[in-house]
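Number of protein chains: 2
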Amino acid sequence: MMTWDAVLATRAKRMSASEIRELLKLLDQPDIISFAGGIPDPALFPADAFRTAYADALSGGGAAAGLQYSVSEGSLRLRRWLTGEMAKLGVSCGPENILITSGSQQALDFLGKLFLSANDTALVGWPTYLGALQAFNAYEPNFDRLDPMTNRSAVDYRKTAEERGGKVKFAYLSPDFANPTGETLDEAGRQRLLGLADELDCAVIEDGAYQSLRYDGTPVAPVLALDCARSGGIENTRTLYCGSFSKTLSPGLRLGWVCAAKDVISRLVLLKQAGDLHSSSLNQEAMARVAETVFDAQVDKVRSAYRERRDAMLAALENHMPEGTRWTRPEGGMFVWVELPEGTDAAGLLKEAVETAKIAFVPGKAFFADGSGGNTLRLSFSATTPEKITEGISRLGALVAKVFVPAV
Amino acid sequence: MMTWDAVLATRAKRMSASEIRELLKLLDQPDIISFAGGIPDPALFPADAFRTAYADALSGGGAAAGLQYSVSEGSLRLRRWLTGEMAKLGVSCGPENILITSGSQQALDFLGKLFLSANDTALVGWPTYLGALQAFNAYEPNFDRLDPMTNRSAVDYRKTAEERGGKVKFAYLSPDFANPTGETLDEAGRQRLLGLADELDCAVIEDGAYQSLRYDGTPVAPVLALDCARSGGIENTRTLYCGSFSKTLSPGLRLGWVCAAKDVISRLVLLKQAGDLHSSSLNQEAMARVAETVFDAQVDKVRSAYRERRDAMLAALENHMPEGTRWTRPEGGMFVWVELPEGTDAAGLLKEAVETAKIAFVPGKAFFADGSGGNTLRLSFSATTPEKITEGISRLGALVAKVFVPAV
Chain V
1 MMTWDAVLAT RAKRMSASEI RELLKLLDQP DIISFAGGIP DPALFPADAF
51 RTAYADALSG GGAAAGLQYS VSEGSLRLRR WLTGEMAKLG VSCGPENILI
101 TSGSQQALDF LGKLFLSAND TALVGWPTYL GALQAFNAYE PNFDRLDPMT
151 NRSAVDYRKT AEERGGKVKF AYLSPDFANP TGETLDEAGR QRLLGLADEL
201 DCAVIEDGAY QSLRYDGTPV APVLALDCAR SGGIENTRTL YCGSFSKTLS
251 PGLRLGWVCA AKDVISRLVL LKQAGDLHSS SLNQEAMARV AETVFDAQVD
301 KVRSAYRERR DAMLAALENH MPEGTRWTRP EGGMFVWVEL PEGTDAAGLL
351 KEAVETAKIA FVPGKAFFAD GSGGNTLRLS FSATTPEKIT EGISRLGALV
401 AKVFVPAV
Chain R
1 MMTWDAVLAT RAKRMSASEI RELLKLLDQP DIISFAGGIP DPALFPADAF
51 RTAYADALSG GGAAAGLQYS VSEGSLRLRR WLTGEMAKLG VSCGPENILI
101 TSGSQQALDF LGKLFLSAND TALVGWPTYL GALQAFNAYE PNFDRLDPMT
151 NRSAVDYRKT AEERGGKVKF AYLSPDFANP TGETLDEAGR QRLLGLADEL
201 DCAVIEDGAY QSLRYDGTPV APVLALDCAR SGGIENTRTL YCGSFSKTLS
251 PGLRLGWVCA AKDVISRLVL LKQAGDLHSS SLNQEAMARV AETVFDAQVD
301 KVRSAYRERR DAMLAALENH MPEGTRWTRP EGGMFVWVEL PEGTDAAGLL
351 KEAVETAKIA FVPGKAFFAD GSGGNTLRLS FSATTPEKIT EGISRLGALV
401 AKVFVPAV
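As you go down the protein sequences, you meet chains V and R in turn. Residues in the first sequence are numbered consecutively from 1, following UniProt numbering. Residues in the second sequence are numbered consecutively from 1, following UniProt numbering.
Keep in mind that the hints were calculated from the coordinates and are not lab data. Because the structure is a prediction, the values reported are computed rather than measured. Keep in mind that the hints are not guaranteed to be accurate.
[What the hints assert, rightly or not] Short derived list, chain R residues pointing at chain V, Cβ under 7 Å:
1) Met2
2) Tyr215
3) Pro219
[Unchecked claim] No more than 27 Å apart at the CA atoms, straight line, and that leaves these computed lysine-lysine pairs for BS3-like:
4) V/Lys388 <-> V/Lys351
5) R/Lys13 <-> V/Lys167
6) R/Lys159 <-> V/Lys13
7) R/Lys351 <-> R/Lys365
8) V/Lys13 <-> R/Lys13
9) V/Lys365 <-> V/Lys351
10) V/Lys13 <-> R/Lys167
11) V/Lys88 <-> V/Lys262
12) V/Lys402 <-> V/Lys351
13) V/Lys13 <-> V/Lys262
14) R/Lys13 <-> V/Lys159
15) V/Lys13 <-> R/Lys365
16) V/Lys402 <-> V/Lys388
17) V/Lys262 <-> R/Lys13
Don't be surprised by glycine CBs; every beta carbon is placed ideally from N, CA and C.
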């Protein structure tokens with residue numbers, strides 16, 4: 001019988017099942033109010049637009065192109081549309097600055113693959129997006145804490161990385177309505193980050209997955225736009241912007257993009273060739289059609305629905321959470337981040353939440369590269385109605401109060 | 001300005017542009033008869049079936065599922081259909097033995113990622129599929145020559161791998177109508193391969209991309225089927241079968257699969273999560289519908305068309321190639337492999353072929369891990385009519401004769 005352990009790469013030891021993905025299964029239980037998955041509300045998908053787009057893409061001569069192999073860079077039509085969107089964000093670029101990926105998750109995997117040798121250092125937030133930790137982990141890096149609000153010096157980051165046998169290769173962050181915290185980094189923080197990256201001569205990976213989902217407040221320019229302004233144009237920048245259609249049009253087509261200097265995009269194209277040749281030709285053709293026709297209206301629709309849900313969640317937290325708990329007030333995205341009193345075990349709380357309160361959330365520990373954060377949890381408001389949010393948060397508040405305020 | 005070279009992983013030095021992908025661009029020149037790309041004939045795609053399938057998958061409640069996130073393992077409906085196909089090949093398995101990938105290229109990338117640490121050894125043919133070399137190269141292995149027709153001992157393979165600082169992790173081969181040679185390994189060769197893998201306690205990666213495309217001769221059981229029979233069932237096997245829809249139904253949806261023991265599939269599911277979450281939900285739902293309704297008829301149609309083209313190519317080679325050249329007689333697939341006299345430079349010949357003879361092929365050197373094979377070339381007959389094949393091969397024959405038989 002095969003001894004699989006004996007033939008695994010050393011990286012395989014660092015791979016473990018995603019708590020988030022496992023928890024998605026809870027959504028299938030209709031009596032649970034789930035704040036667990038960070039998924040869009042399927043009732044909001046522009047299904048009619050997609051139906052028309054596929055019918056069109058599969059008609060006449062187009063079918064042969066949609067069903068055939070295509071170039072690794074991605075559909076020129078879709079990349080051209082994206083240059084227009086990037087221009088609106090303050091990034092002047094051409095199609096040659098864009099690689100189409102199979103969701104922004106694949107972009108993160110490719111960027112780990114491109115930059116990280118074993119023992120190199122990746123700077124990430126404490127907490128950060130779990131999927132980024134999983135993607136980067138495959139390349140056996142060390143993680144160090146990125147916090148653009150502090151003044152830790154480049155010299156100190158570099159020294160730590162060298163002691164661990166590598167270099168700081170990049171800083172990763174999601175500056176707008178981050179998963180899991182919902183927080184946004186202000187422009188001063190973004191400029192400090194670019195200054196630090198300049199000193200370290202490292203790359204910046206900007207995860208813009210939630211960028212379109214702002215509900216109020218003033219938009220902050222993407223790090224890539226600030227970098228373009230500082231450095232005199234996209235070819236001089238060090239930032240790789242990772243975008244996604246998953247939170248606006250559909251995650252089921254698995255389409256995202258990376259926008260960066262040509263010099264690094266051309267290297268990513270080689271990874272794409274070796275990794276899966278190209279993303280689905282047909283999906284790219286259909287997505288281009290849907291994006292061209294309904295993108296702005298769809299973003300308005302999604303924003304309006306999610307804004308109402310965020311408001312319901314913040315009001316319910318205010319009404320029902322006991323003293324000693326704290327939470328973020330996001331200006332967009334899908335998540336509110338809750339800190340329970342120090343020493344609380346949110347993973348233990350989840351078991352009782354599912355079994356007795358019939359609610360679900362994601363314990364926060366998995367989002368910390370150092371295994372801290374046991375007292376934190378992530379709530380998603382995107383796929384639940386305001387009524388259910390109010391009901392579910394009132395149950396969560398009662399559960400937390402019961403656990404932390406023992407009966408006299 | 002960013003110094004990208006300073007932040008690249010060591011693996012990035014091993015990545016270079018694919019000659020095949022670059023050559024695909026030649027297909028866009030209408031005056032060239034191209035035998036270069038190994039692509040299906042788009043005129044044969046079942047476009048009507050796909051149009052119906054997408055319309056159906058995007059109707060009613062199904063649209064929400066097709067446009068939403070889904071599980072990393074892949075669509076249960078599609079995996080169930082695949083268990084039926086694997087059973088026909090002599091592999092008894094369940095859906096839990098199957099992972100859906102974004103084409104078999106992604107399966108090769110994931111298998112490299114799962115098994116190869118730097119300096120480990122991968123056994124591959126001389127020549128072998130270029131895309132496999134590209135996928136594995138990212139994990140910085142050594143390559144050693146796999147040749148199940150010789151009697152090189154496991155002891156010798158192991159010693160060589162250890163001297164290079166690692167272990168033999170797997171043997172990779174495409175046993176049916178291989179890319180690039182078109183050759184098929186007989187059952188005795190497959191059994192010898194399994195014996196060698198047993199002695200090395202390594203995995204076997206069976207690339208079944210062309211398996212359905214047999215035009216004549218007697219089918220040989222897949223290595224995985226032989227392994228199941230030897231070892232008493234799929235859970236005891238060491239073989240990972242990589243299948244693809246790209247040569248039968250469509251490459252544009254980017255869908256393939258791996259079939260293997262649950263113990264290794266469950267680890268691949270973790271790589272899939274970290275790599276791109278899952279393959280396109282919508283494409284999987286559409287592919288399941290098309291496979292269920294037209295797969296057998298489509299395979300018959302493709303076989304019939306490609307058989308005629310293979311016959312035209314073999315006849316033309318017989319009629320037009322000068323003495324001193326040799327070529328394979330494939331029983332299926334898309335390729336004929338040509339050996340020119342020793343010392344010939346096929347890459348040099350290509351330049352003249354494109355410029356004066358207006359034909360294209362792929363020089364064989366890129367398919368050799370050791371850089372040999374300069375006198376070889378690959379011809380694809382799948383995407384060209386019999387008439388053009390006859391004309392193109394006559395031009396190739398004249399060109400080769402001119403180069404190797406100087407005028408008196």
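Okay, the hints, checked on the actual structure:
1. Met2: Holds - the Cβ of R/Met2 comes within 7 Å of chain V, reaching about 4 Å at its closest.
2. Tyr215: violated (22 Å)
3. Pro219: violated (26 Å)
4. V/Lys388 <-> V/Lys351: Measuring from Cα to Cα gives roughly 20 Å; hence the hint holds.
5. R/Lys13 <-> V/Lys167: holds (17 Å)
6. R/Lys159 <-> V/Lys13: holds (26 Å)
7. R/Lys351 <-> R/Lys365: Since the Cα atoms of R/Lys351 and R/Lys365 sit roughly 15 Å apart, the hinted pair holds (cutoff 27 Å).
8. V/Lys13 <-> R/Lys13: It holds: about 25 Å lies between the C-alpha atoms, which stays within 27 Å.
9. V/Lys365 <-> V/Lys351: The hint holds at about 15 Å.
10. V/Lys13 <-> R/Lys167: holds (17 Å)
11. V/Lys88 <-> V/Lys262: Given pair V/Lys88, V/Lys262 holds - Cα atoms ~20 Å apart, limit 27 Å.
12. V/Lys402 <-> V/Lys351: holds (14 Å)
13. V/Lys13 <-> V/Lys262: The given pair, whose Cα atoms are some 35 Å apart, is violated under the 27 Å limit.
14. R/Lys13 <-> V/Lys159: With Cα atoms ~26 Å apart, R/Lys13 and V/Lys159 stay inside 27 Å; holds.
15. V/Lys13 <-> R/Lys365: violated (36 Å)
16. V/Lys402 <-> V/Lys388: Given pair V/Lys402, V/Lys388 holds - Cα atoms ~21 Å apart, limit 27 Å.
17. V/Lys262 <-> R/Lys13: holds (18 Å)
Checked against the numbered hints given earlier, the structure breaks hints 2, 3, 13 and 15 and satisfies all the rest.
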